[in-house]
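Position 144 (the sequence shown) corresponds to 130 in our numbering; numbering is contiguous.
Accuracy of the hints is not assured; some may be wrong.
[Unchecked claim] Derived pair list, reagent style DSS-like, types lysine-lysine, alpha-carbon separation capped at 25 Å:
id, residue 1, residue 2
1, 256, 196
2, 91, 38
3, 18, 38
4, 190, 166
5, 91, 43
6, 43, 294
7, 212, 41
8, 196, 137
9, 35, 91
10, 38, -11
11, 42, 7
12, 256, 43
13, 188, 128
14, 212, 128
15, 42, 212
16, 190, 212
17, -11, 7
[To be verified] Cβ-Cβ distance ranges computed for the label pairs, FRET-style:
id, residue 1, residue 2, range
18, 319, 218, 29 to 35 Å
19, 163, 224, 39 to 45 Å
20, 33, 277, 37 to 43 Å
Please keep in mind that the hints were generated in silico from the structure rather than gathered at the bench.
Where a beta carbon is used, it is the ideal one built from N, C-alpha and C, also for glycine.
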Amino acid sequence: MPKYDVYAIGNALVDYEYEVKDAFLQELGISKGHMTLIDEMRGTEIAQKVGKNPKKKQSGGSAANTIIALSQLGGSGYYCCKVADDEAGKFYLDDLTSNQVGHQKEITSYATDKTGRCYVFVTPDAERTMNTFLGVTSRFSKLELNESELKQAEYLYIEGYLVASPTATEAIFESIAQAKKYGVKIALTLSDPGIVTGFYDKFKKILENKVDLLFCNEEEALKMTKNDDLDEAIEELQNYAHQFVVTIGMDGARGFDGEKYIDIPSFPVKAVDSNGAGDMFAGSFLYGMTHELGFKYSGMLAGYLSSKIVSQFGPRLTQDQMIHHLHEFREKIM
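Based on the sequences and whatever the hints tell you, model everything.
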């Protein structure tokens, strides 16, 4: 039996989340609804504008949110990342520990390095916009990989945002090689439409031999397949993954379990904040797949918990909330 359900690699970012008006984004020239990479100077400018009191602050990065969701449900996860030897880096690793997520204990960075941070802006329509200063995680590399831990996992989970860094891209290919060496299944999330467009050739290379499980939303699926028709895009995704799930907002999701398409229903709620919905979907789906729920019910659990995350502020629920909703799901839906 594997030691870990999922071994994940991704960016380590301390999330600072703020409620703002559309006018604020316009004033700062921030592109709404997407993730934009920024430098430290731009981050300082934004920090001065938004102030020192975010609505929420916690360890983040897409894959971190996913692996913490899995852990909160009772799964076992390991997160491979890179932080600096600063206050934010210590906060980050302490937060992983408090969420029972395994991770490397060493911090290897220069004195001038800074832990990455992500400014998350949530507008009244519940749309989330992210400006990300990668900091030391931009140098995440294959040196950070822990083969002895990876080989003890059922799934390797790869955060698509990593393709923005040349050294992290090398780590992606090395982690895939290690996973194949030990028969560990490979899961990938495309992460963001802009990332798919900007680093299309890298994703194409990663997917040329297919991954076991692919996560994406509707826009990412269209970008990845260079298609304008969602049905055709979904069919083409079979060239990239043995199994996949495409989330379609309020219309639920469409999955392919390796043999047939499966429609995953939505669970309508009043959306407050869409931040973390995709990460929650992936984490709870992976929990289901590693805990004998099967593809269909894993998808339904993922949709159910994603509906809970968008109905509150912030990208994560508490562990008590997660366990309560898991029991609720088993009793009412399964």
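Results for each hint:
Taking the CA atoms of residue 256 and residue 196, the gap is about 37 Å. The hint is violated against a cut of 25 Å. Distance check on the hinted pair: residue 91 and residue 38 sit about 29 Å apart at the alpha-carbon level, beyond 25 Å; violated. Distance hint between residue 18 and residue 38 is fulfilled; the C-alpha atoms sit about 22 Å from each other, no more than 25 Å. Straight-line distance between C-alpha atoms of residue 190 and residue 166 comes to about 18 Å, which keeps the hinted pair within the 25 Å bound.
Taken as a hint, the residue 91 and residue 43 pair is honoured in the structure, with Cα atoms around 22 Å apart against an allowance of 25 Å. Under the criterion of a C-alpha separation no larger than 25 Å, the hint pairing residue 43 with residue 294 is consistent with the structure, at around 19 Å. Distance check on the hinted pair: residue 212 and residue 41 sit about 37 Å apart at the alpha-carbon level, beyond 25 Å; violated. For the hint pairing residue 196 with residue 137, the CA-to-CA distance comes to about 19 Å; that is within 25 Å, so the pair holds.
Restraint check: the Cα-Cα separation between residue 35 and residue 91 comes to about 34 Å, which exceeds 25 Å; the hinted pair is violated. For the given pair, residue 38 sits about 40 Å from residue -11 by alpha-carbon distance, which is inconsistent with the 25 Å threshold. Among the hinted pairs, residue 42 with residue 7 is consistent with the structure: their alpha-carbon atoms are about 17 Å apart, no more than 25 Å. Note on residue 256 and residue 43: the hinted pairing holds, with a Cα-Cα distance of about 23 Å set against a maximum of 25 Å.
The straight-line distance between the Cα atoms of residue 188 and residue 128 is roughly 16 Å, inside the 25 Å bound, and the hint therefore holds. Proximity of residue 212 to residue 128 is assessed by CA-CA distance (about 30 Å); at most 25 Å being required, the pair is judged violated. A threshold of 25 Å between alpha carbons decides the hint, and for residue 42 with residue 212 the separation of about 36 Å lies outside it, so the pair is violated. For the given pair, residue 190 sits about 12 Å from residue 212 by alpha-carbon distance, which is consistent with the 25 Å threshold.
Between residue -11 and residue 7, the direct Cα distance comes to roughly 45 Å. Violation of the 25 Å bound is thereby established for this hinted pair. Between residue 319 and residue 218 the Cβ separation comes to about 31 Å, which falls inside the hinted range of 29 to 35 Å. A hinted range of 39 to 45 Å for the beta carbons of residue 163 and residue 224 is inconsistent with their spacing of about 24 Å. At roughly 40 Å, the beta-carbon separation of residue 33 and residue 277 lies within the given 37 to 43 Å, and the hint holds.
Of the numbered hints stated above, those contradicted by the structure are hints 1, 2, 7, 9, 10, 14, 15, 17 and 19, listed in ascending order.
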